[in-house]
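Asker: Spelled out, the chains give:
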Amino acid sequence: MAALGTIQTWAVIVLVVVGSFFLTVGTIGLLRLPNVYNRMHATSKPATIGAVAIFLAGFAYFGPGGAGLPSLIGIVFLFLTVPTGAHMISRAAERTGVPFLGSVTWPGKSDDD
Amino acid sequence: MAADGLIEPVVNAAIVLVALLNLLCGYRAVRGPTVPDRVVALDAIATNVVAIAVLFAIKTDRPLFVTVSLVLAIIAFLSTVAVAKFVTEGDIIVTQE
Numbered sequence: 001m002a003a004l005g006t007i008q009t010w011a012v013i014v015l016v017v018v019g020s021f022f023l024t025v026g027t028i029g030l031l032r033l034p035n036v037y038n039r040m041h042a043t044s045k046p047a048t049i050g051a052v053a054i055f056l057a058g059f060a061y062f063g064p065g066g067a068g069l070p071s072l073i074g075i076v077f078l079f080l081t082v083p084t085g086a087h088m089i090s091r092a093a094e095r096t097g098v099p100f101l102g103s104v105t106w107p108g109k110s111d112d113d
Numbered sequence: 001m002a003a004d005g006l007i008e009p010v011v012n013a014a015i016v017l018v019a020l021l022n023l024l025c026g027y028r029a030v031r032g033p034t035v036p037d038r039v040v041a042l043d044a045i046a047t048n049v050v051a052i053a054v055l056f057a058i059k060t061d062r063p064l065f066v067t068v069s070l071v072l073a074i075i076a077f078l079s080t081v082a083v084a085k086f087v088t089e090g091d092i093i094v095t096q097e
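Sequences listed follow chains D and V, in order.
So in our numbering, spot 108 of the first sequence is number 108, and the numbers just go up one at a time.
So in our numbering, spot 62 of the second sequence is number 62, and the numbers just go up one at a time.
Pulled out of the complex, with its shape left as it was, chain D reads as follows (with noise of 0.2 angstroms):
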């Protein structure tokens, strides 16, 4: 193990806490949300926000010199793929006519039709 201050140590402990925290709240959120639509927010949002957290965790373990430069690559790409890919599968799930709850429609369709 490498030789660490103690502000370092703890940043690493918070934020492994806290990534874990938020991982926990978007698998309650994918099991517990009533419709495809709700429970791809739950896993788009804090389980991008725990692996985010995780991802610090490691930058702030392995320092800006060797492994941590990879660690912020990976938080940039979470954030740009995950979005995307939400967007592909609700827009799958629309076309394939999973139903939404209440008065929820596709953005730039009309109630009527």
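In short, the hints are calculated from the structure, not lab data.
Wrong hints could be hidden among the right ones.
To be verified - With the C-beta cut set under 7 angstroms, the calculated list includes, among others, these residues of chain V facing chain D:
1) ILE7
2) PRO9
3) LEU21
4) ARG28
5) VAL39
6) ASP43
7) VAL54
8) VAL66
9) PHE77
10) SER79
11) VAL87
12) THR88
Ideal placement from N, C-alpha and C gives every residue a C-beta, glycine not left out.
Fit chain V to the given chain D structure using the hints.
Answerer: Chain V only, in chain D's frame:
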């Protein structure tokens, strides 16, 4: 340096917790009423596996596994896009007229 020995148990507990979360996501992937439900569950499993790779890199002090987590994230994105495209079009590679 009082907290130096605290990293390893915390990271171990986080790995066990995220693995259990993966099992719960697997419930949604098996049960999920529609096909997009299963895709969303598999996407969540992929995100959790990325987190596990980073935690494993911290636990074993091997920076290689951060790169492994990047590759896993890329594969997860590609598979999500491919399955969404397949569900929508019935085909993954569609020729333009």
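Asker: Hold the hint about ARG28 of chain V up to the distance rule: shortest CB distance to chain D must be less than 7 angstroms.
Answerer: Status holds, d = 5 angstroms.
Asker: Does ASP43 of chain V pass the interface check with chain D, least Cβ-Cβ distance below 7 angstroms?
Answerer: holds (6 angstroms)
Asker: Let's test the interface hint: is any C-beta of chain D closer than 7 angstroms to that of LEU21 of chain V?
Answerer: At 4 angstroms from the nearest chain D Cβ, LEU21 of chain V passes the 7 angstroms test, so the hint holds.
Asker: Can you verify the interface hint for VAL39 of chain V: is its Cβ closer than 7 angstroms to any Cβ in chain D?
Answerer: Constraint on VAL39 of chain V satisfied, holds at 5 angstroms.
Asker: Under 7 angstroms, Cβ to Cβ, is where THR88 of chain V needs to be relative to chain D, so tell me if that hint holds or is violated.
Answerer: With a closest approach of 4 angstroms, the THR88 of chain V hint holds.
Asker: So, VAL66 of chain V near chain D? Judge it on the closest CB pair being under 7 angstroms.
Answerer: holds (4 angstroms)
Asker: For the restraint on ILE7 of chain V, tell me whether the closest CB of chain D is nearer than 7 angstroms.
Answerer: Cβ of ILE7 of chain V sits 6 angstroms from chain D, so the hint holds.
Asker: Verify the interface restraint on SER79 of chain V: the C-beta must sit less than 7 angstroms from at least one C-beta of chain D.
Answerer: Violated, because the Cβ-Cβ distance from SER79 of chain V to chain D comes to roughly 9 angstroms (cut-off 7 angstroms).
Asker: Under 7 angstroms is the threshold here; is the Cβ of PRO9 of chain V close enough to any Cβ of chain D for the hint to stand?
Answerer: With a minimum Cβ separation of about 10 angstroms from chain D (threshold 7 angstroms), the hint on PRO9 of chain V is violated.
Asker: Against chain D, is VAL54 of chain V within 7 angstroms by beta-carbon distance?
Answerer: holds (5 angstroms)
Asker: Can the hint on VAL87 of chain V be confirmed by a CB-to-CB distance to chain D that is less than 7 angstroms?
Answerer: holds (4 angstroms)
Asker: Holds or violated: PHE77 of chain V as interface residue toward chain D, Cβ cutoff 7 angstroms?
Answerer: Holds - the Cβ of PHE77 of chain V comes within 7 angstroms of chain D, reaching about 4 angstroms at its closest.
In the structure shown, a violation is registered for the earlier hints numbered 2, 10, in ascending order.
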